[in-house]
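Chemist: So the protein sequences, as listed, match chains Z and R. Read in order, the letters of the first sequence are residues 1 to 104 in this note's numbering. Read in order, the letters of the second sequence are residues 1 to 488 in this note's numbering.
Don't take each hint at face value.
Stated by the list, open to error - Pairs of lysine-lysine residues, derived as DSS-like cross-links and limited to a Cα-Cα distance of at most 30 Å, are as follows:
no.: 1; chain 1: Z; residue 1: Lys25; chain 2: R; residue 2: Lys151
no.: 2; chain 1: R; residue 1: Lys154; chain 2: Z; residue 2: Lys25
no.: 3; chain 1: R; residue 1: Lys443; chain 2: R; residue 2: Lys428
no.: 4; chain 1: R; residue 1: Lys259; chain 2: R; residue 2: Lys321
no.: 5; chain 1: R; residue 1: Lys356; chain 2: R; residue 2: Lys443
no.: 6; chain 1: R; residue 1: Lys26; chain 2: R; residue 2: Lys151
FYI, nobody ran anything at the bench for these hints, they're computed from the structure.
As a plain string of letters, each chain reads:
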Amino acid sequence: MPSFSAYLACAITLYIIGLYCLVTKRNLIRLVMGVEILINAAHINFIAFSAYWVPGFIDPLARSIVIVSIGLAGCFGAVLLSFTVYAYRHYGTLDVRRMRELRG
Amino acid sequence: MFTPIIDSLFIFSIITPIIGFFVPKKSSCLICGAVSAGGYIISIAYLLHLLPQILTHPIRIPMENSAVSTSIMIDVPGSLMSLLALALGLFATIYSMRFMERDSGTPLYYSLLMAMITGIVGVSYSGDLFTLFIFWELMCITSYVLVGFRKNVKESVEAAIKYMLMSGIGSATILFGMSLLYGLTGTLNLPRIALSLRMGGGGPWLYASLGMLITGFGIKAAIVPLHVWLPDAHGTAPSPISAILSGVLIELAVFVICKLLFFIFPAIRVSWMEFFAIFAILNMMFGNITALLQSDVKRMLAYSSIAHIGYILIGISAGTKLGLTATLLHIFNHGLMKALAFLCIGAIIYRIGSKKLEDIAGVGRRMPITSTAFTIALLGLIGMPPLNGFISKLLLFMSCLDSGMLWLGILLIIFSAVSTGYYIRILKALIATPQDERLSDVKEAPIPILIPICCLAFLMILLGIWPDPILRFAEESSSWLMEVGRYA
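Please work from the sequences and hints to get the whole structure.
Modeler: As structure tokens, then:
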């Protein structure tokens with residue numbers, strides 16, 4: 001079984017990967033995935049910490065926050081993807097750098 | 001379920017679209033608006049009924065300690081925020097009964113608006129970070145849909161996507177910060193975290209967690225390097241939604257930052273004062289100077305919200321009880337003023353169909369009541385003496401003097417003077433002589449739009465002349481936030 005700090009390192013790496021994806025990618029669907037990766041990094045952290053405090057005991061608080069948060073992330077993804085469909089209808093592309101109606 | 005204040009909002013947000021399904025489509029906007037206004041009225045009445053009890057000791061729901069120790073804590077600072085949110089929600093609902101009549105899907109609009117207010121009330125009452133996060137996401141997701149509610153308009157879809165991407169990063173960062181805090185203390189209950197951090201020191205992980213939480217909430221509060229979504233989202237949303245976004249939602253994020261700093265992290269107070277002073281100056285400078293360059297009135301008001309977040313941060317950077325009181329008072333007053341300004345420009349858009357500064361020139365002759373209320377709102381935002389904006393700006397200045405940061409107070413006055421420049425441009429456009437015949441058949445706005453405008457203008461003048469009740473409320477709130485021991 002990997003040690004506790006391995007999980008923390010994994011979570012931080014995922015967070016950085018998510019940020020990298022959000023900064024460099026131009027496709028809207030990839031940006032949705034970037035945000036989901038960021039949220040999942042926090043989930044891994046919670047699950048790792050839930051078994052950390054008392055050996056052999058798993059804190060139900062962290063488990064419940066992760067399950068609720070997975071649902072919320074699903075809602076977020078659904079709303080963002082539906083706006084992506086509308087954006088594709090209006091602009092004919094999924095490239096975020098072409099969406100430049102609002103300025104100033 | 002939770003408390004009647006939140007329950008009535010939940011129940012009405014579910015039954016409003018069901019009623020809207022059965023009534024004829026032509027009158028559904030009026031009927032559903034009236035039904036959901038009933039929900040707000042029940043909620044406000046119950047809150048006012050509970051208020052004397054809350055002032056002596058907070059109500060904790062559930063009373064006993066459950067296994068995961070989540071709780072809703074009905075306390076004084078939360079009541080200040082939720083009173084503002086419920087009042088503005090009621091006004092926005094009455095306003096939308098005529099404003100949204102040309103849109104389709106209005107029953108769902110009222111339902112989403114109500115769910116957003118539920119989220120705001122829940123965040124201000126939450127006693128632990130788990131409850132806070134769930135209500136926070138409820139508020140965020142409904143606000144995304146409301147910003148992009150007119151999905152056939154190109155700009156509103158674009159603004160919603162920008163807003164969602166920024167705010168989604170914010171939510172994920174908040175969750176990551178919370179997980180680090182949970183790892184440090186083993187609980188998410190606010191008073192318990194405070195007690196646990198008081199015992200043992202912080203270390204670098206505590207600072208990392210605090211930094212992530214402030215970044216996450218700072219995206220929602222539009223603290224300057226993270227503000228890029230705000231002018232787009234607030235400028236293109238329907239006007240009653242802009243009023244709530246600008247009036248409550250961004251202030252709620254500042255309120256949560258206050259709660260975290262003064263409640264959980266008072267041990268590291270020394271290090272945050274200069275930090276927030278820098279961001280306050282950046283916000284005031286950027287917001288006021290960019291607003292001078294705008295020709296779209298709603299965008300101008302959105303940039304002025306960024307500037308007002310700067311004024312609000314001054315109180316936090318003072319770090320004293322007076323500073324916190326001034327911050328909470330300015331949150332309340334700015335909510336009223338900015339909501340009134342957005343509702344007035346909404347009434348003008350309803351009649352003229354344009355929000356450009358040159359198009360509204362001379363509208364004051366045709367819509368006298370709306371223009372008078374707009375003038376009151378703008379004078380309040382400048383900080384003119386008989387209005388409520390003056391009281392809170394004076395308190396902010398006094399809190400700067402109190403904590404020995406005179407230069408920050410002087411910058412507050414200088415940037416208030418700069419801000420007069422763009423407010424006067426709107427005033428000049430309102431009172432100008434109409435140039436052409438285009439405005440000759442414009443009438444005063446209809447009654448449901450005028451009721452909230454007149455109520456808010458009256459409240460602004462009343463709280464400017466007689467600020468005692470709200471000042472005492474803010475003072476009591478800040479003393480609750482400063483002393484965690486009172487919750488035990």
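Chemist: Does Lys428(R) lie within 30 Å of Lys443(R) when you go C-alpha to C-alpha?
Modeler: holds (20 Å)
Chemist: Taking 30 Å as the top limit, are the C-alpha atoms of Lys25(Z) and Lys151(R) close enough?
Modeler: Distance of about 25 Å is within 30 Å: holds.
Chemist: Between the alpha carbons of Lys356(R) and Lys443(R), is the straight-line distance 30 Å or under?
Modeler: holds (19 Å)
Chemist: Does Lys321(R) lie within 30 Å of Lys259(R) when you go C-alpha to C-alpha?
Modeler: holds (13 Å)
Chemist: Next pair to validate is Lys26(R) with Lys151(R); report whether the Cα-Cα distance is within 30 Å.
Modeler: Cα-Cα ~21 Å, so holds.
Chemist: Are the Cα atoms of Lys154(R) and Lys25(Z) separated by 30 Å or less?
Modeler: The given pair, whose Cα atoms are some 22 Å apart, holds under the 30 Å limit.
In summary, the structure agrees with every hint in the numbered list given earlier.
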